[in-house]
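Engineer: Read top to bottom, the protein sequences are chains A and B. Its first residue numbered 1, the first sequence is counted upward by one per residue in this note's numbering. Its first residue numbered 1001, the second sequence is counted upward by one per residue in this note's numbering.
Because the hints were derived from the structure by calculation, they are not lab data. All values reported here derive from a predicted model rather than from experimental measurement. Built from N, CA and C at the ideal position, the CB exists for glycine as well. Be aware that a few hints might be false.
As the list claims (entries may be wrong) - DEER-style ranges, computed between Cβ atoms:
hint : chain 1 : residue 1 : chain 2 : residue 2 : range
1    : A       : SER2      : B       : TRP1024   : 32 to 38 Å
2    : B       : PHE1037   : A       : LYS106    : 20 to 26 Å
3    : B       : LEU1111   : A       : GLY118    : 33 to 39 Å
4    : B       : ASP1032   : A       : SER8      : 28 to 34 Å
5    : A       : PRO89     : B       : PRO1153   : 34 to 40 Å
6    : A       : ASP49     : B       : SER1045   : 48 to 54 Å
7    : B       : LYS1164   : A       : ARG24     : 35 to 41 Å
8    : B       : SER1119   : A       : SER3      : 49 to 55 Å
9    : B       : LEU1111   : A       : GLU121    : 23 to 29 Å
10   : B       : ARG1021   : A       : ALA86     : 40 to 46 Å
11   : A       : LYS106    : B       : PRO1013   : 30 to 36 Å
12   : B       : GLU1122   : A       : ASP49     : 57 to 63 Å
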Amino acid sequence: MSSLQSISIPTVDSLTLDIQLPNRLKMGGRITHQEPGKVLGGFLKAVHDAAVRESLSTFELDVTELKFVNSSSIRLFLDWAGLVKAQAPNGYKLCILTTRKFTWQKTSFVAITALAAGCVEIRMAD
Amino acid sequence: MTESNPARLPAIPPLVTMRFRPAWTYIDGIRDFGEFFCRTTFADSDVADRACVVIQETLENAIKYSSKDPDSELELVICASEKNIEFSVTSKPDNIHLDSLKLELDRLNHLNPEQAFISALERAQREPDASARLGLARMRYEGGVELRLAEEPDGRIRFTAAGKL
Chain A
1 MSSLQSISIP TVDSLTLDIQ LPNRLKMGGR ITHQEPGKVL GGFLKAVHDA
51 AVRESLSTFE LDVTELKFVN SSSIRLFLDW AGLVKAQAPN GYKLCILTTR
101 KFTWQKTSFV AITALAAGCV EIRMAD
Chain B
1001 MTESNPARLP AIPPLVTMRF RPAWTYIDGI RDFGEFFCRT TFADSDVADR
1051 ACVVIQETLE NAIKYSSKDP DSELELVICA SEKNIEFSVT SKPDNIHLDS
1101 LKLELDRLNH LNPEQAFISA LERAQREPDA SARLGLARMR YEGGVELRLA
1151 EEPDGRIRFT AAGKL
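Working from the sequences, and respecting the hints, build out all of it.
Structural biologist: Here it is, written out as C-alpha cells:
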C-alpha cells in the first residue's frame, strides 16, 4: 500500500482534498481559514513525507479547481516548496498544475516557484 | 489626520458602503459580494479578481487587529471614478498593530510591488514560526493597488487600497 493512502485527510469548510495515486493531490474550493497552517500544515507535510518515502520523482499538485486562498494559505505552498527544496537533489519535483481562470494563481505560484527554482515548476492546464 | 500618500480620488459618492462587527465569519460573504459587485458593475473579471484579494486581505487585517471594544465596528467603502477604483476599510485598531502597520507600509512602499511580494515571501520562509505577513504585499502585487493609511481623530484608522480600473 502506498504511504499516500494512509494519510488522514482533514475536513476543512469550503475545501476539497483528493489524493490520487500514484502521485497527485487535487485541491478545490477555497482556503480562507484564519489559521490554515493549523488545519492543513500537518496534512501537507504528511503528503510530502509520503512522497519522499515512496521515492517519487515528481508529485503533482492540481489546483485548477482552487478558486481562492488568503495570504496565510499562500504560506502553506511556500512551506511545501521549502520542504522540497531542502530535499533536493535527492527528492522529488513538485509540479503545480494551475489555471488561467483564477488570476491569483499566476502571481502567487510564479513567485513561490522563483524561490525554489529547479524543485518546483508550474504547468498551465489551459 | 495623517496620510502617507496624498494621491486620492476626488470626493465622489461611494458605490458601496457596508458597516459590520469585526467578525471573521463575515469575510467570505463580503468578499463574494464585492466580487459579484465588481464583475457586474465593471463587466471585468480582472477587476473582480483583484477586488477579491483586496477585500479579503483588508478585512482580515482589520478584523485580526481591531480593538475588542464592544462598540467596535468596521466600515467598507468602494468608490470608483471613470478610471480608478478605491477600497477603504475604517476600523479601530489596537495601538501595537497600528505601529507595526505603519512600519510595514513604509517598508513596502520603498519597493516595487513584485519585489515587495518576493521579499515578504522570503521573510515568511526565514521566519517559519512568525505570522506570514504577506497580505499587504499581496494586495499591492496581485491587487494592483497602492496602499495608504489615514488616522482619524477618534482613534480610528482608514486603510485605503486604490488602483486603476
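Engineer: Next step is simple, just say for each hint if it's right about the structure.
Structural biologist: Cross-check of the supplied hints:
no. : hint                             : verdict
1   : SER2/A / TRP1024/B: 32 to 38 Å   : holds (37 Å)
2   : PHE1037/B / LYS106/A: 20 to 26 Å : holds (23 Å)
3   : LEU1111/B / GLY118/A: 33 to 39 Å : violated (25 Å)
4   : ASP1032/B / SER8/A: 28 to 34 Å   : holds (30 Å)
5   : PRO89/A / PRO1153/B: 34 to 40 Å  : violated (59 Å)
6   : ASP49/A / SER1045/B: 48 to 54 Å  : violated (38 Å)
7   : LYS1164/B / ARG24/A: 35 to 41 Å  : holds (39 Å)
8   : SER1119/B / SER3/A: 49 to 55 Å   : violated (36 Å)
9   : LEU1111/B / GLU121/A: 23 to 29 Å : holds (26 Å)
10  : ARG1021/B / ALA86/A: 40 to 46 Å  : holds (43 Å)
11  : LYS106/A / PRO1013/B: 30 to 36 Å : holds (34 Å)
12  : GLU1122/B / ASP49/A: 57 to 63 Å  : violated (25 Å)
In summary, the structure is inconsistent with hints 3, 5, 6, 8, 12 from the numbered list given earlier, while agreeing with the others.
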